[in-house]
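Q: Spelled out from the first residue to the last, the chains are:
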Amino acid sequence: MDSEKKICITSQGDNLDSEVAPRFGRCQYFIIVDTDTLQFEAIENSSINMRGGAGIQSAQLIASKDVKIVLTGNVGPNAFTSLQSDGIEIITGISGTVRETIKQYKKGLLKTTKNSTVDAKSGINKK
Amino acid sequence: MIISVASGKGGTGKTTVAVNLALSIGNIQFLDCDVEEPNAHIFLNPKIEKIESFEILHPIIDESKCNLCGKCGKICEFHAIAVMPKKVIIFEELCHGCGGCALICPQKAITEKSKELGIIRIGRCINDIEFLDGVLNLGQAHASPLIRQVKKTAAQIKNKNQQITIIDAPPGTSCPVINTVKETDFCILVTEPTPFGLNDLILAVETVKKLNIPFCVVINRFDIGDNKVEKYCKDENIPILMKIPFSKEIALSYSEGIPIVEKYPEYKKIFYDLFENIIKRVNVNIQ
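Going down the list, the sequences are from chains L and G.
Position one of the first sequence corresponds to residue 0 (numbering that gives the first Met the number 0), numbered consecutively onward.
Position one of the second sequence corresponds to residue 0 (numbering that gives the first Met the number 0), numbered consecutively onward.
Check before you lean on any hint, since a few could be wrong.
As the list claims (entries may be wrong) - In silico BS3-like cross-links for lysine-lysine, where the CA-CA straight-line distance does not exceed 30 Å: (1) L:K120 - G:K86; (2) G:K112 - L:K120; (3) G:K73 - L:K64; (4) G:K85 - L:K110; (5) G:K208 - G:K247; (6) G:K268 - L:K64; (7) L:K64 - G:K64; (8) G:K70 - L:K67; (9) L:K120 - G:K242; (10) L:K67 - G:K267; (11) G:K107 - G:K64; (12) G:K209 - L:K67; (13) L:K120 - G:K209; (14) G:K233 - G:K247; (15) G:K86 - G:K107; (16) G:K114 - L:K120; (17) G:K49 - L:K64; (18) L:K120 - G:K157; (19) G:K86 - L:K4; (20) G:K85 - L:K113; (21) G:K46 - G:K70; (22) G:K114 - G:K157; (23) L:K113 - G:K86; (24) G:K227 - L:K64; (25) G:K85 - L:K105; (26) L:K110 - G:K86; (27) L:K113 - G:K73; (28) L:K5 - G:K86; (29) G:K268 - L:K67; (30) G:K73 - L:K120.
Don't read these hints as lab results, they were simulated from the structure.
All chains, please: the whole structure from these sequences, using the hints.
A: Structure follows, in structure tokens:
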């Protein structure tokens with residue numbers, strides 16, 4: 000995959016027709032997709048039930064995949080700090096399916112966020 | 000023997016029971032482990048003789064030595080270290096200060112700096128009571144390590160004439176309460192005869208049962224509310240060892256910050272009876 004076109008979308012399922020997951024650190028899957036070929040890899044998120052630090056763990060995982068952009072519903076402060084340190088851009092407020100999100104992203108309709116959008120631990124015990 | 004005074008619900012009268020029990024026994028240690036809002040000192044008015052700082056160690060990374068191997072991040076139980084491709088980030092508010100990261104770092108890139116979590120105050124008050132409390136600094140999340148340190152300090156300075164330690168616990172049933180109540184010989188659960196008191200008493204009972212600590216119930220403001228707490232205790236075979244009336248004189252002494260037994264010495268016997276009743280149940284020898 001060409002890393003310039005590699006984006007990560009948090010997802011509730013393991014394919015492109017799944018709904019986008021609203022929580023970065025505690026999403027069900029990370030879908031890493033090439034926006035041109037739509038080739039993708041779905042990584043199950045092992046941090047989903049962690050008591051704390053899920054965002055930090057997830058950020059480390061995403062960084063190791065050489066992704067430049069993350070698209071999700073909300074991101075907490077620790078995940079945001081971690082991702083930002085690696086120059087990863089974050090786009091929040093995403094809903095709908097993964098496939099629709101890719102289309103919107105390619106049209107340039109989505110803007111990166113400059114801050115975390117929720118408090119620490121706000122993803123715990125939520126769906 | 001260590002007696003802890005706890006409750007599921009806040010504001011039931013834990014401190015009132017703990018303080019008056021302590022004053023009625025005398026020559027004991029008194030610990031206020033409600034470190035987020037310690038207030039037993041208001042009743043006991045101790046003369047503080049010593050203040051100890053309680054600190055936690057946080058890692059600092061020397062970026063010139065770090066080769067981003069990631070071992071520090073892997074060992075951290077609380078995920079307080081993010082090892083990103085270009086740098087390591089420490090999240091101090093998640094760090095519990097175990098020091099594992101500094102030990103495991105093969106590059107010796109991690110040193111530790113201490114940060115004050117709170118203080119422990121040690122002093123004396125009337126009736127030969129040795130007083131200790133923990134005061135957590137504002138904005139700190141780690142109540143439990145400070146609570147453990149208050150208990151540890153008390154055990155270290157205890158003299159052999161002090162056979163009894165009474166501990167005032169924080170409200171609720173979470174980690175700070177567990178850390179306060181565990182390893183005590185007996186727990187007094189203070190409640191009130193209301194639906195709220197009963198709801199939280201049930202949670203507290205489940206907690207002390209899990210910790211395997213013998214316990215009793217004290218009902219405060221007894222003449223108000225309903226009889227459901229009594230019925231629950233009867234059904235569950237839980238001894239109710241004291242009922243404190245909802246009286247104007249008790250409310251008055253509380254409002255002035257004066258212990259009941261100070262203002263109305265006749266209550267001393269009632270609290271001492273509670274103590275004797277507890278001793279009988281714990282089966283320890285007290286001279």
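Q: Does the structure keep K208 (chain G) and K247 (chain G) at a Cα separation of 30 Å or less?
A: Roughly 35 Å separates the two Cα atoms, so the pair is violated.
Q: Please verify whether K113 (chain L) and K86 (chain G) have alpha carbons no more than 30 Å apart.
A: holds, 20 Å
Q: Assess, step by step, whether the Cα of K70 (chain G) is no farther than 30 Å from the Cα of K67 (chain L), and give holds or violated.
A: Given that 30 Å is the threshold and the Cα spacing comes to 24 Å, the pair holds.
Q: Could you grab the alpha-carbon distance between K85 (chain G) and K113 (chain L) and see if it respects the 30 Å cut-off?
A: This hinted pair holds, its Cα atoms lying about 20 Å apart.
Q: Within a Cα-Cα threshold of 30 Å, do K5 (chain L) and K86 (chain G) meet the stated pairing?
A: holds, 22 Å
Q: K86 (chain G) and K107 (chain G): Cα distance at most 30 Å?
A: Satisfied, since the Cα-Cα distance of roughly 16 Å is no more than 30 Å.
Q: For the pair supplied as a hint, K233 (chain G) and K247 (chain G), confirm whether the alpha-carbon distance does not exceed 30 Å.
A: Answer holds: K233 (chain G) to K247 (chain G) is near 28 Å, not above 30 Å.
Q: Between K67 (chain L) and K267 (chain G), is the straight-line Cα distance small enough, at 30 Å or below?
A: violated, 71 Å
Q: Taking 30 Å as the top limit, are the C-alpha atoms of K86 (chain G) and K4 (chain L) close enough?
A: holds, 24 Å
Q: K49 (chain G) and K64 (chain L): Cα distance at most 30 Å?
A: violated, 54 Å
Q: CA of K114 (chain G) to CA of K120 (chain L), is that 30 Å or under?
A: holds, 23 Å
Q: Is the hinted pair K120 (chain L) and K242 (chain G) satisfied, with a Cα-Cα distance of at most 30 Å?
A: violated, 41 Å
In this structure, the hints that do not hold are numbers 5, 6, 9, 10, 12, 17, 18, 21, 24, 29, in rising order.
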